[in-house]
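Using the sequences and the accompanying hints, generate a full structural model.
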Amino acid sequence: MLLPGALVTFLLILFALGLVLFLAFRGNDGSLLGAGFTVANFVTVVSDPLYWTVTLRSLVIAAVVTLATVVTAYPVAYYLAFHAGRRRGLLLFLVTLPFWTSYLLRVFAWKIVLAYNGVLNSALIESGIWSEPTLAFLNTPAAVVVTLAHAYAPFAILPIYVALDTIPKSLIEAASDLGARPFTSFRRVVLPNSMPGVLAAALVVFVPTVGDYVTPALVGGPASTMIGTLIQAEFGKANDWPFGAALSVAVMLVILCVVLVARFTDRRFGSRT
Amino acid sequence: MQGGGRWLGVYVVAYLVFLYLPVLLIPLFSINNSIQAAFPLQGFTLQWYATLFGNSALSGALLNSLVIGAIAATGATLCGITVSYMDLYGRSPLAATISAIARLPILIPGVIVGISLLILVNLIGLGPSRVAIVLGHILVALPTTVVIMRSRFAAIPKTIREAALDLGASDWTTFRRVMLPLSLPAIVSAFMLAFLISFDEFIVVFFLAGTEPTLPLYIWSQLRFPKSLPTVMALGTSILAVSFVIAAIAEILRHRGLSAPAPRPADPSQPKQTERGELQWHST
Chain A
409 MLLPGALVTF LLILFALGLV LFLAFRGNDG SLLGAGFTVA NFVTVVSDPL
459 YWTVTLRSLV IAAVVTLATV VTAYPVAYYL AFHAGRRRGL LLFLVTLPFW
509 TSYLLRVFAW KIVLAYNGVL NSALIESGIW SEPTLAFLNT PAAVVVTLAH
559 AYAPFAILPI YVALDTIPKS LIEAASDLGA RPFTSFRRVV LPNSMPGVLA
609 AALVVFVPTV GDYVTPALVG GPASTMIGTL IQAEFGKAND WPFGAALSVA
659 VMLVILCVVL VARFTDRRFG SRT
Chain B
490 MQGGGRWLGV YVVAYLVFLY LPVLLIPLFS INNSIQAAFP LQGFTLQWYA
540 TLFGNSALSG ALLNSLVIGA IAATGATLCG ITVSYMDLYG RSPLAATISA
590 IARLPILIPG VIVGISLLIL VNLIGLGPSR VAIVLGHILV ALPTTVVIMR
640 SRFAAIPKTI REAALDLGAS DWTTFRRVML PLSLPAIVSA FMLAFLISFD
690 EFIVVFFLAG TEPTLPLYIW SQLRFPKSLP TVMALGTSIL AVSFVIAAIA
740 EILRHRGLSA PAPRPADPSQ PKQTERGELQ WHST
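Those protein sequences? They're chains A and B, same order as listed.
Here the working numbering = 1-based position in the first sequence + 408.
Here the working numbering = 1-based position in the second sequence + 489.
Keep in mind the hints are simulated off the structure, nothing from the lab.
Errors might be hidden in some of the hints.
What the hints assert, rightly or not - Here are the simulated SDA-like pairs of lysine to any residue, each with C-alpha atoms no more than 25 Å apart in a straight line:
{"hint": "1", "chain 1": "A", "residue 1": "Lys645", "chain 2": "B", "residue 2": "Pro702"}
{"hint": "2", "chain 1": "A", "residue 1": "Lys645", "chain 2": "B", "residue 2": "Phe714"}
{"hint": "3", "chain 1": "A", "residue 1": "Lys645", "chain 2": "B", "residue 2": "Ala589"}
{"hint": "4", "chain 1": "A", "residue 1": "Lys645", "chain 2": "B", "residue 2": "Lys647"}
{"hint": "5", "chain 1": "A", "residue 1": "Lys645", "chain 2": "A", "residue 2": "Leu626"}
{"hint": "6", "chain 1": "A", "residue 1": "Lys645", "chain 2": "B", "residue 2": "Ser618"}
{"hint": "7", "chain 1": "A", "residue 1": "Lys645", "chain 2": "B", "residue 2": "Thr700"}
{"hint": "8", "chain 1": "B", "residue 1": "Lys647", "chain 2": "B", "residue 2": "Ala589"}
{"hint": "9", "chain 1": "B", "residue 1": "Lys716", "chain 2": "A", "residue 2": "Tyr511"}
{"hint": "10", "chain 1": "B", "residue 1": "Lys716", "chain 2": "A", "residue 2": "Leu626"}
{"hint": "11", "chain 1": "A", "residue 1": "Lys577", "chain 2": "A", "residue 2": "Thr592"}
{"hint": "12", "chain 1": "A", "residue 1": "Lys645", "chain 2": "A", "residue 2": "Val454"}
{"hint": "13", "chain 1": "B", "residue 1": "Lys716", "chain 2": "A", "residue 2": "Ala443"}
{"hint": "14", "chain 1": "A", "residue 1": "Lys645", "chain 2": "B", "residue 2": "Ile738"}
{"hint": "15", "chain 1": "A", "residue 1": "Lys645", "chain 2": "B", "residue 2": "Arg495"}
{"hint": "16", "chain 1": "A", "residue 1": "Lys645", "chain 2": "B", "residue 2": "Glu701"}
{"hint": "17", "chain 1": "B", "residue 1": "Lys647", "chain 2": "A", "residue 2": "Leu410"}
{"hint": "18", "chain 1": "A", "residue 1": "Lys645", "chain 2": "B", "residue 2": "Gly699"}
{"hint": "19", "chain 1": "B", "residue 1": "Lys716", "chain 2": "A", "residue 2": "Val669"}
{"hint": "20", "chain 1": "A", "residue 1": "Lys577", "chain 2": "A", "residue 2": "Phe490"}
{"hint": "21", "chain 1": "B", "residue 1": "Lys716", "chain 2": "A", "residue 2": "Val453"}
{"hint": "22", "chain 1": "A", "residue 1": "Lys645", "chain 2": "B", "residue 2": "Gly614"}
{"hint": "23", "chain 1": "A", "residue 1": "Lys645", "chain 2": "A", "residue 2": "Cys665"}
{"hint": "24", "chain 1": "A", "residue 1": "Lys645", "chain 2": "B", "residue 2": "Asn611"}
{"hint": "25", "chain 1": "A", "residue 1": "Lys577", "chain 2": "B", "residue 2": "Arg495"}
To be verified - Only part of the chain B face toward chain A is listed, based on derived beta-carbon distances under 10 Å:
{"hint": "26", "residue": "Leu510"}
{"hint": "27", "residue": "Leu583"}
{"hint": "28", "residue": "Ile608"}
{"hint": "29", "residue": "Leu624"}
{"hint": "30", "residue": "Ile692"}
{"hint": "31", "residue": "Trp709"}
{"hint": "32", "residue": "Ser732"}
Unchecked claim - Covered stretches of chain A, going by a simulated chain B footprint (3 or more residues, C-beta under 8 Å):
{"hint": "33", "stretch": "409–423"}
{"hint": "34", "stretch": "457–468"}
Glycine included, every Cβ here is placed at the ideal spot set by N, Cα and C.
Here it is as structure tokens:
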């Protein structure tokens with residue numbers, strides 16, 4: 409019974425990732441697995457300022473998206489856990505539903521909202537706030553942030569809700585019995601206890617956003633090229649697979665660092681409870 | 490506390506509006522009698538839905554997506570069942586390792602999953618093809634099916650399995666006659682979610698598709714032409730409606746499955762709280 413799982417995990421995940429690592433150390437001669445052993449790809453990744461700029465931009469965009477998603481999702485998760493009552497099931501369904509609509513179309517919907525002749529511009533002109541439509545919305549990093557924060561919202565709500573829901577109510581009652589005001593008991597009891605959920609939420613938002621190439625392509629414009637866009641280009645138009653593999657390895661290393669920091673923070677908060 | 494709850498309620502409503510407003514623009518403009526997606530609306534029409542029929546590129550892509558989705562969901566569900574069952578009851582370090590690796594794709598951005606599989610399928614001689622897409626989608630859906638099946642198996646009281654074993658059933662018979670029927674709702678819901686994931690997936694399929702596109706690839710190719718936008722929105726609305734029905738059925742089935750036997754306290758072998766977070770968001 410281990411066979412199907414073993415095949416998929418070892419061949420499709422471990423072996424395929426191993427191939428990427430192997431290819432990252434090869435020179436590009438147009439063949440599938442490249443030629444020779446070289447670290448030139450990594451030297452380029454580290455020395456060319458373009459890759460620093462784009463990697464940094466991807467990290468900043470992903471970090472802002474993660475922060476925005478988690479901060480705006482927290483009150484919703486809080487309401488679900490403590491105030492929703494009988495409406496909880498329906499609300500959970502409503503929150504997860506947009507997640508099951510086509511990702512491409514959700515991103516594209518924002519293009520309709522933000523475009524030159526789009527919904528936001530026509531609304532602003534209709535209401536007399538603006539006299540001319542503006543190009544300032546679409547094709548900016550801000551457009552990428554809003555679109556991604558919208559697309560990944562349900563991912564953030566659910567882990568936080570689960571963490572809040574598993575806090576024993578007696579802990580909160582004890583805090584208020586001992587004289588803590590609602591805000592103090594939130595800050596000292598509820599928030600620390602929900603940190604594992606917050607970190608899980610941050611991770612499931614951060615990882616896909618940092619490598620996204622669809623959203624920058626549709627609403628981002630040239631000023632918001634992300635690292636996923638570059639990787640995709642190396643395996644497409646640029647046709648330098650070994651270099652694309654090296655970029656991928658670099659991205660995974662960055663994600664590994666973020667995951668380790670998250671695990672470390674988690675342990676610190678975990679020991680407090 | 491009560492007043493705070495009311496303000497939170499207002500916030501939740503505003504949040505839901507933010508969540509739904511852009512999505513609802515798609516059905517709105519799909520019945521708007523204008524090529525441009527802009528206000529004011531130009532009047533009601535169903536002509537864009539009419540353009541969906543008799544479009545051979547579209548129906549080909551739809552058929553592709555359905556077939557690939559069904560096969561990939563079958564594969565991912567099969568792997569999800571066996572991986573999580575062996576993880577919980579196999580008591581071998583190999584099974585636990587496989588289960589951990591199976592959930593790893595959550596931590597890999599889709600673009601890297603796509604390129605690693607592109608290298609792999611080229612190496613084994615498949616090349617970009619429908620088989621390659623199926624492999625890719627099994628991988629993308631695997632964490633979801635493993636998490637759903639694992640929490641389902643963990644919720645079945647241990648005593649039921651022990652009773653079957655005590656009465657002389659072999660491991661295989663216990664699995665087939667006791668554990669599988671008890672987890673049937675979760676299996677159906679895992680299959681449906683895996684199907685939806687495959688049906689909507691774009692980032693990985695972009696690298697693995699040969700000459701025959703799936704539906705998201707078809708939509709992507711049409712997004713470049715302003716003229717075909719209303720058709721894309723009519724298509725998007727239809728997908729939205731079908732996804733809504735499937736997601737609702739999956740949700741109802743899962744709840745029915747969970748409420749059937751008495752839930753057991755948390756599985757002691759479940760390791761970390763972060764893991765529990767990930768575990769639950771998939772299954773909620």
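Going down the list of hints, with the structure as the test:
1. A distance of roughly 19 Å separates the Cα atoms of Lys645 of chain A and Pro702 of chain B; the hinted pair therefore holds under the 25 Å criterion.
2. Taking the CA atoms of Lys645 of chain A and Phe714 of chain B, the gap is about 21 Å. The hint holds against a cut of 25 Å.
3. Taking the CA atoms of Lys645 of chain A and Ala589 of chain B, the gap is near 35 Å; set against the 25 Å cutoff, the hint is violated.
4. Taking the CA atoms of Lys645 of chain A and Lys647 of chain B, the gap is near 55 Å; set against the 25 Å cutoff, the hint is violated.
5. For the hint linking Lys645 of chain A to Leu626 of chain A, the alpha-carbon distance of about 18 Å falls within 25 Å, and the restraint holds.
6. Note on Lys645 of chain A and Ser618 of chain B: the hinted pairing holds, with a Cα-Cα distance of about 19 Å set against a maximum of 25 Å.
7. Our distance criterion of 25 Å between C-alpha atoms is met by Lys645 of chain A and Thr700 of chain B, whose separation comes to about 17 Å.
8. Distance restraint check for Lys647 of chain B and Ala589 of chain B: the Cα-Cα separation of roughly 22 Å lies within the 25 Å cut-off, and the hinted pair is therefore satisfied.
9. About 21 Å separates the Cα atoms of Lys716 of chain B and Tyr511 of chain A, which keeps this hinted pair within 25 Å; it holds.
10. Distance check on the hinted pair: Lys716 of chain B and Leu626 of chain A sit about 17 Å apart at the alpha-carbon level, within 25 Å; holds.
11. With a C-alpha separation of about 16 Å, the suggested pairing of Lys577 of chain A with Thr592 of chain A holds against the 25 Å cut-off.
12. In summary, the hint linking Lys645 of chain A to Val454 of chain A is supported, as the alpha carbons are separated by about 22 Å, within the 25 Å threshold.
13. This hinted pair does not check out: Lys716 of chain B and Ala443 of chain A have alpha carbons roughly 46 Å apart, beyond 25 Å.
14. A C-alpha spacing of about 42 Å is found between Lys645 of chain A and Ile738 of chain B, which places the hinted pair above 25 Å, so the restraint is violated.
15. With a C-alpha separation of about 54 Å, the suggested pair Lys645 of chain A and Arg495 of chain B falls outside the 25 Å cut-off, and the hint is violated.
16. For a cut-off of 25 Å, the pair hint linking Lys645 of chain A to Glu701 of chain B stands: about 20 Å separates their Cα positions.
17. Distance check on the hinted pair: Lys647 of chain B and Leu410 of chain A sit about 21 Å apart at the alpha-carbon level, within 25 Å; holds.
18. The hinted pair formed by Lys645 of chain A and Gly699 of chain B meets the criterion: a straight-line CA distance of about 16 Å does not exceed 25 Å.
19. A C-alpha spacing of about 48 Å is found between Lys716 of chain B and Val669 of chain A, which places the hinted pair above 25 Å, so the restraint is violated.
20. Using a Cα cut-off of 25 Å, the hinted pair Lys577 of chain A and Phe490 of chain A holds, with the two alpha carbons roughly 9 Å apart.
21. A threshold of 25 Å between alpha carbons decides the hint, and for Lys716 of chain B with Val453 of chain A the separation of about 40 Å lies outside it, so the pair is violated.
22. With a C-alpha separation of about 22 Å, the suggested pair Lys645 of chain A and Gly614 of chain B falls inside the 25 Å cut-off, and the hint holds.
23. For the hint linking Lys645 of chain A to Cys665 of chain A, the alpha-carbon distance of about 30 Å lies beyond 25 Å, and the restraint is violated.
24. At most 25 Å may separate the alpha-carbon atoms for a hinted pair to count; Lys645 of chain A and Asn611 of chain B meet this at roughly 17 Å.
25. Between Lys577 of chain A and Arg495 of chain B, the direct Cα distance comes to roughly 20 Å. Compliance with the 25 Å bound is thereby established for this hinted pair.
26. Hint on Leu510 of chain B holds. Least Cβ distance to chain A is approximately 8 Å, under the 10 Å limit.
27. Interface hint at Leu583 of chain B: satisfied, since its Cβ lies 7 Å from the closest Cβ of chain A, which is below the 10 Å cut-off.
28. With a cut of 10 Å, the hint placing Ile608 of chain B at the interface with chain A holds, because the nearest CB-to-CB distance is about 5 Å.
29. At its closest, the beta carbon of Leu624 of chain B sits 6 Å from a beta carbon of chain A; the interface hint therefore holds under the 10 Å criterion.
30. Because the smallest distance between the Cβ of Ile692 of chain B and any Cβ of chain A comes to about 6 Å, under 10 Å, the interface hint for this residue holds.
31. Evaluation of the Trp709 of chain B hint against chain A yields a held restraint, the C-beta minimum of about 6 Å falling below 10 Å.
32. Against a cut-off of 10 Å between C-beta atoms, the interface hint on Ser732 of chain B holds, since the closest Cβ of chain A lies about 5 Å away.
33. Requiring three or more residues with a Cβ within less than 8 Å of a Cβ of chain B, the coverage given for the stretch 409–423 of chain A holds, as 14 such residues are present.
34. Only residues whose beta carbon comes within less than 8 Å of a beta carbon in chain B count, and the stretch 457–468 of chain A has 0; fewer than three means the coverage is violated.
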